[in-house]
Amino acid sequence: MDTQPPIHVSLRGVTRVYDSRLGRTHALGPIDIDLRRGEFFAVVGPSGCGKSTLLDVIAALAPASSGVVTFEGRPIGDTVPDGVGVVFQENASFPWLNVADNITFGLRRQPLDRAEIGRRLQYALQLMGLQDFAQAFPSQLSGGMRQRVCIARTLVMQPRLILLDEPFGALDQQTRLLMGDELLRIWRATGATVLLITHALDEAAMLADRVAVMSARPGRILEVIETGWPRERDSQVVSVPEFGAITARLWTLLRAQSMQALRPESV
Amino acid sequence: MRIVLYRLLAVLLPLALLEILCRDRVITPLTLPAPSRILLGLWTMMANGTFNAAILKTLTNVSLAFVLSVAAGIAAGAAIHRAPLLRALLEPLFSTYYAIPIYAFYPLFIVVFGLGDAPQVLIGFMLAVVSMIVSTLAGLDSVPAVLGKTARVLQLSPVETIRSVTLPYAAPYLFTGVKLAVAYAFIGVIGAEFIMSGTGLGYEIRFAYDNLDNGVMYPLILLILLVAVAVNMSLDHWERALRARRGRG
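Note that the protein sequences, when read in sequence, are chains A and B.
No gaps in the numbering here: position 70 of the first sequence is 75 in the working numbering, and each next residue is one more.
No gaps in the numbering here: position 36 of the second sequence is 44 in the working numbering, and each next residue is one more.
If you're looking for bench data, these hints aren't it; they were derived computationally from the structure.
Treat the hints with caution; some may be incorrect.
[Said to hold, decoys possible] Some chain A residues close to chain B (C-beta under 8 Å, calculated; not the full set):
| id | residue |
| --- | --- |
| 1 | V85 |
| 2 | V91 |
| 3 | A97 |
| 4 | W101 |
| 5 | G111 |
| 6 | P116 |
| 7 | F138 |
| 8 | W234 |
[What the hints assert, rightly or not] Away from chain A, derived, C-beta distances all over 12 Å, residues of chain B:
| id | residue |
| --- | --- |
| 9 | R15 |
| 10 | L40 |
| 11 | V75 |
| 12 | Y105 |
| 13 | V154 |
| 14 | E168 |
| 15 | M241 |
Fair warning: this is a prediction, and the values are worked out from it, not measured in the lab.
Virtual Cβ for every residue (Gly too), placed ideally from N, Cα, C.
Work out the full structure, taking the sequences as your base and the hints as a guide.
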């Protein structure tokens with residue numbers, strides 16, 4: 006690419022402070038970052054640093070205490086903007102609906118004709134390898150398959166920004182790697198901007214164009230690292246020397262933060 | 009299928025024993041007529057339509073108490089779920105609620121509402137509604153926070169979220185409440201008819217009892233038994249279908 010793609014999401018001085026029974030918590034920020042349209046952006050940080058809070062703020066699931074988040078040039082309000090899809094770590098499938106009905110849950114509430122809904126369903130089933138499970142119920146599926154259902158449910162809404170909150174956190178290592186490849190395929194196929202929150206350095210280093218490293222709470226961006234991977238890539242990048250260098254760089258930044266996060270007084 | 013056979017035997021064998029004991033006059037007809045005679049009595053009764061009005065009255069009042077308690081219970085449960093302070097206030101009351109003999113208030117209800125159907129429906133409603141509220145609260149508590157977030161991402165309105173996400177998720181819990189509500193509605197209405205009323209199955213049983221009319225009393229008791237078992241079995245069946253749809257949760 007010769008020209009820098011336009012800014013898709015921008016955060017300026019974003020903080021989040023909230024009151025709970027334990028008193029006032031400064032969870033996040035101030036944070037300033039820009040996501041470019043169509044990039045794959047990952048955020049890593051020690052546990053409890055506010056990574057998920059950052060995602061919630063961008064998705065308008067939690068209000069920022071100060072600062073401004075803009076999506077496609079417009080400041081976000083208190084409802085999730087059109088064109089934003091979110092996949093969570095927890096199982097968010099609907100147990101009373103089969104896979105097909107889970108995937109089309111959001112679509113059926115849109116002014117779309119049945120043919121279009123069917124077309125998008127077939128596309129998502131095929132993209133996520135769920136063709137044979139359309140009639141199955143979530144309880145009959147493995148954790149990885151359930152997460153595919155949730156990703157498919159997000160994809161059929163054709164989001165321009167996909168937020169992923171540790172989507173593979175509950176999965177085993179092999180499944181994670183394979184899901185990572187699928188995520189790259191989806192990202193290329195949809196052209197959406199992807200923000201991936203993860204605690205796994207290798208996952209961030211393997212998948213993202215840029216990786217932001219967050220500090221211990223209150224989470225701030227310490228550094229943003231460009232991975233320099235080509236758009237056509239897959240989990241094989243774990244075997245190239247640059248991958249080791251990027252992961253090592255991320256770990257050096259994170260190590261001090263993680264140790265700080267582990268200290269009891271920071272809890 | 010073998011289990012079905014065993015269940016059938018578990019009911020039929022004691023009945024057969026009872027039949028023998030009654031026919032041999034070990035149990036006198038004044039205490040209990042033979043089961044076959046009771047069944048025959050019920051058959052004649054239904055064929056002649058002697059108690060159709062009473063049956064209709066009771067079933068109408070039970071249905072009223074049931075429908076009202078389910079509707080009010082779910083609405084109140086949902087409202088209380090959203091108001092933590094109100095919930096902290098009410099929850100201890102719910103747990104002691106069934107220690108209160110509601111029938112003690114029955115004379116008061118009659119004074120206030122008169123001798124019509126209202127006091128009976130009210131007793132059934134009061135017995136049933138709290139179990140529905142408690143089940144609704146348990147069901148709503150079980151809904152994971154992530155489903156609420158998902159509903160917001162999919163831009164569902166609060167009402168749509170309750171209708172399309174929260175209630176379906178909580179359905180198995182609600183079902184427990186519904187089953188209890190049926191049972192309590194029956195207990196409440198028929199019990200009230202027993203105590204002070206001029207109509208209904210409870211009244212007819214009591215009337216027969218006062219007149220030592222075993223030929224009426226036992227068939228009516230059997231009728232209530234059969235209706236309760238039939239309602240409960242169909243609810244069980246429905247519940248199983250619901251669970252099967254979830255792939256055995």
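Next on the checklist: Of the numbered hints stated earlier in the document, which are not met by this structure?
Outcome noted: 6, 7, 8, 13 and 14
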